[in-house]
Amino acid sequence: MSLAQETPATPVRPPIRRNGRWSAFSHLVTVRMKELKREPEVVFWVFGFPLLLALGLGIAFRNKPADVTFVAIVQGSGTQDALSLIERSPQKSSIHAELLDKPAALKGFRLGKYDLVVESDGKGGFQYLYDPARPESVLSRAEVDDALQVAAGRKNPLPTSSVISNEPGSRYIDFLIPGLIGMNLMNSGMWSIGFALVDMRQRKLLKRFVATPMRRSDFLLALAGGRLVLMIAEVGLLLGFGALVFHIRVVGSLLSILILSAIGAVGFAGLGLLTASRAQKIESVSGLINLIMMPMWIFSGVFFSYERFPSVIQPFIKALPLTALNDALRATILEGAPLATQAGRLLILVLWGGISFLLALRWFRWT
Amino acid sequence: MPAAIECRDLRKTYDGKVEAVRGLNLRIERGECFGLLGPNGAGKTTTIEILEGLLDPTSGEVTILGHTWQKNQREVREWLGVSLQETRLSEKLTVRETIELFASFYREPRSADDVLDDLQLGEKADAFVGKLSGGQRQRLAVATALVGNPRILFLDEPTTGLDPQSRRQLWDIIRSFQRNGGTVLLTTHYMDEAERLCDRLAIVDHGEIIAEGTPSELIERLGGHHVVEFEASGNSSDGSALDSWRGLPGVESVRHDNGLVSLTVREPHLTIPPLLDAVEKHGSQLLHLTTRQASLEDVFVNLTGRHLREL
Numbered sequence: 001m002s003l004a005q006e007t008p009a010t011p012v013r014p015p016i017r018r019n020g021r022w023s024a025f026s027h028l029v030t031v032r033m034k035e036l037k038r039e040p041e042v043v044f045w046v047f048g049f050p051l052l053l054a055l056g057l058g059i060a061f062r063n064k065p066a067d068v069t070f071v072a073i074v075q076g077s078g079t080q081d082a083l084s085l086i087e088r089s090p091q092k093s094s095i096h097a098e099l100l101d102k103p104a105a106l107k108g109f110r111l112g113k114y115d116l117v118v119e120s121d122g123k124g125g126f127q128y129l130y131d132p133a134r135p136e137s138v139l140s141r142a143e144v145d146d147a148l149q150v151a152a153g154r155k156n157p158l159p160t161s162s163v164i165s166n167e168p169g170s171r172y173i174d175f176l177i178p179g180l181i182g183m184n185l186m187n188s189g190m191w192s193i194g195f196a197l198v199d200m201r202q203r204k205l206l207k208r209f210v211a212t213p214m215r216r217s218d219f220l221l222a223l224a225g226g227r228l229v230l231m232i233a234e235v236g237l238l239l240g241f242g243a244l245v246f247h248i249r250v251v252g253s254l255l256s257i258l259i260l261s262a263i264g265a266v267g268f269a270g271l272g273l274l275t276a277s278r279a280q281k282i283e284s285v286s287g288l289i290n291l292i293m294m295p296m297w298i299f300s301g302v303f304f305s306y307e308r309f310p311s312v313i314q315p316f317i318k319a320l321p322l323t324a325l326n327d328a329l330r331a332t333i334l335e336g337a338p339l340a341t342q343a344g345r346l347l348i349l350v351l352w353g354g355i356s357f358l359l360a361l362r363w364f365r366w367t
Numbered sequence: 001m002p003a004a005i006e007c008r009d010l011r012k013t014y015d016g017k018v019e020a021v022r023g024l025n026l027r028i029e030r031g032e033c034f035g036l037l038g039p040n041g042a043g044k045t046t047t048i049e050i051l052e053g054l055l056d057p058t059s060g061e062v063t064i065l066g067h068t069w070q071k072n073q074r075e076v077r078e079w080l081g082v083s084l085q086e087t088r089l090s091e092k093l094t095v096r097e098t099i100e101l102f103a104s105f106y107r108e109p110r111s112a113d114d115v116l117d118d119l120q121l122g123e124k125a126d127a128f129v130g131k132l133s134g135g136q137r138q139r140l141a142v143a144t145a146l147v148g149n150p151r152i153l154f155l156d157e158p159t160t161g162l163d164p165q166s167r168r169q170l171w172d173i174i175r176s177f178q179r180n181g182g183t184v185l186l187t188t189h190y191m192d193e194a195e196r197l198c199d200r201l202a203i204v205d206h207g208e209i210i211a212e213g214t215p216s217e218l219i220e221r222l223g224g225h226h227v228v229e230f231e232a233s234g235n236s237s238d239g240s241a242l243d244s245w246r247g248l249p250g251v252e253s254v255r256h257d258n259g260l261v262s263l264t265v266r267e268p269h270l271t272i273p274p275l276l277d278a279v280e281k282h283g284s285q286l287l288h289l290t291t292r293q294a295s296l297e298d299v300f301v302n303l304t305g306r307h308l309r310e311l
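Protein chains in written order, with the numbering used here: chain A, 1 to 367; chain B, 1 to 311.
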């Protein structure tokens, strides 16, 4: 006898409608979107905060015309010569020289107010005081010496000329925006999935859902679906903002960028699912999520290049999912690299996401 | 016809040490309202969650309408409506959206408007769940259980913490579900709820059923339907005093609690006059005397020596 025939004859009340296969899924996605829209703090953190970061950092680190170097000239016999030489040199607009007595000059130099101290050596020449550990001090010495020498009459034997290259692509903001996109995808993936699930478990909402005929796979698919919808908005907003305000040139195709971001978003969703698989309290999962994300904020090249780190840890850094995502995003957005060339990085993301997902399925506490 | 819910020798042990359920046997017929009555920690929630298929038993069998949880889990869930203890539904959704969400999980649900009307939530349909009162939230929880058009309704402590009016409203809803042919299994620690709603009940304590039957059968077993309670000056609860109370006409059982002596009697008018005489002969004075109907609380105290609710 089939199950349908075995069931008790009449339902308790006559039903009104029949639901299709995907009714649960579509309702779950819609409900998630509605809840998000009605929570202004979440909207801020997911959309507003990255934009503010981009704006703030982009302005702070904007390319300024060649930095002016601050030089302290010690008052004494050769002072006037130093000053007039600098006045006559072609670099005079990038050298700001101040006259001070020796103690004040030394103190200013020590405190970083001045990059260089110039003192007359009493024999018609000059002595430089500089700090080889401070790049601006090293540069200052080179620049001031060059200025003084040329103004004093040096002739350069080799004919050279300079051309200015000011194209977008090499500015800090160009480096930053893809990093912020990657970081945002990680943040929202981990929090919106990881935190939300533990919250639902704590409120017994997960248990309540599981008591209905709702398929668990539909529930998980709805979470992923919601993530993808939001991903499009997150990426679009940051890229659009970068292009409009900072004139970033998006070289790669929008489709490649979205596909890449989708893989990143789903990968981090898997990781978020894994972190949420057992925790009973939102406090524990919050700690866990921060523990996982913080190394990546520092090491994965969000705000600065990870190549600054010692070469011995480079392979570990490159194996992190956010590093892979950021590198791939930069290659796609700034260089227009086709997705096929990013296969290695995509594989890293897929492995992190896929393995996390499989482990999560095994360990996940639904009740 | 298979029973609505049946379980045999149900056991649940946590971490090999805590025995929450110790060999429970139940058979609940279709169309019945069955109650699990017991104090907190008796194992009622564990039992009902095992029956709802949300918890795996350590051993024992469960069948729902003839089917087990191991096979066709999704099919069986189509016939059930479940209301858990203390579920916090999403506060940012409206009442209607919540009901429609749960409706979307079932193949043939009822319309949201119907359910809203039945549960008197119509005027709150577009209000956010976060703005509802306790009673309204409980009704919403039951609404989500009823929207799937279930044959069996599971309710875990449905009226805990509610004001009297909300409790009565929920009782009406449960009764009307049963009138339409539904089966109800509920857990409670309120004896008035058990007495009013349940056709039959099982009294549960420490993971075991210590008594089972209809409310009147259980009270019947006390021997008498009335309780005479009194307090007398001097020593009214020592051994000899208790013996003298026990010897009064019509007394079925005696117990005392902190100076308050309770006699289960058949007919108060047969017992009270001799009681007054006995107290006087004892040289004491009556400080307090009441008589009331025997309740399930008395049944429980009689069986375990404790109250259903630790006051």
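Simulated from the structure, these hints should not be mistaken for laboratory data. Even for Gly, the Cβ is constructed at its ideal location relative to N, Cα and C. Hints should not be assumed to be uniformly reliable.
Claimed, not checked - The calculated EDC-like cross-link candidates involving lysine to aspartate or glutamate, where the alpha carbons are at most 16 Å apart (straight line), are: (1) Lys113(A) x Glu136(A); (2) Lys92(B) x Glu35(A); (3) Lys37(A) x Glu91(B); (4) Lys92(A) x Asp131(A); (5) Lys34(A) x Glu97(B); (6) Lys92(B) x Glu41(A); (7) Lys92(A) x Asp67(A); (8) Lys92(B) x Asp146(A); (9) Lys34(A) x Glu229(B); (10) Lys207(A) x Asp113(B); (11) Lys281(B) x Asp243(B); (12) Lys92(B) x Asp199(A); (13) Lys37(A) x Glu86(B); (14) Lys102(A) x Glu119(A); (15) Lys318(A) x Glu335(A); (16) Lys107(A) x Glu119(A); (17) Lys204(A) x Asp9(B); (18) Lys92(A) x Asp145(A); (19) Lys107(A) x Asp81(A); (20) Lys131(B) x Glu35(A); (21) Lys281(A) x Asp199(A); (22) Lys34(A) x Asp126(B); (23) Lys92(A) x Asp81(A); (24) Lys318(A) x Glu307(A); (25) Lys204(A) x Glu86(B); (26) Lys113(A) x Asp67(A); (27) Lys92(A) x Glu143(A); (28) Lys207(A) x Glu86(B); (29) Lys131(B) x Glu195(B); (30) Lys124(B) x Glu86(B); (31) Lys92(B) x Asp126(B); (32) Lys71(B) x Glu61(B); (33) Lys102(A) x Asp121(A).
Stated by the list, open to error - Restraint ranges, calculated between C-beta atoms of paired labels, are given here: (34) Ala337(A) x Gly130(B): 31 to 39 Å; (35) Glu91(B) x Ser305(A): 39 to 47 Å; (36) Gly130(B) x Phe309(A): 43 to 51 Å; (37) Trp22(A) x Gly122(B): 41 to 49 Å; (38) Glu91(B) x Gly48(A): 17 to 25 Å; (39) Asp163(B) x Ile298(A): 51 to 59 Å; (40) Met1(B) x Leu228(A): 44 to 52 Å.
| field | Structure-inconsistent hints, enumerated in ascending order | value | 4, 8, 9, 10, 13, 15, 17, 19, 29, 30, 34, 37
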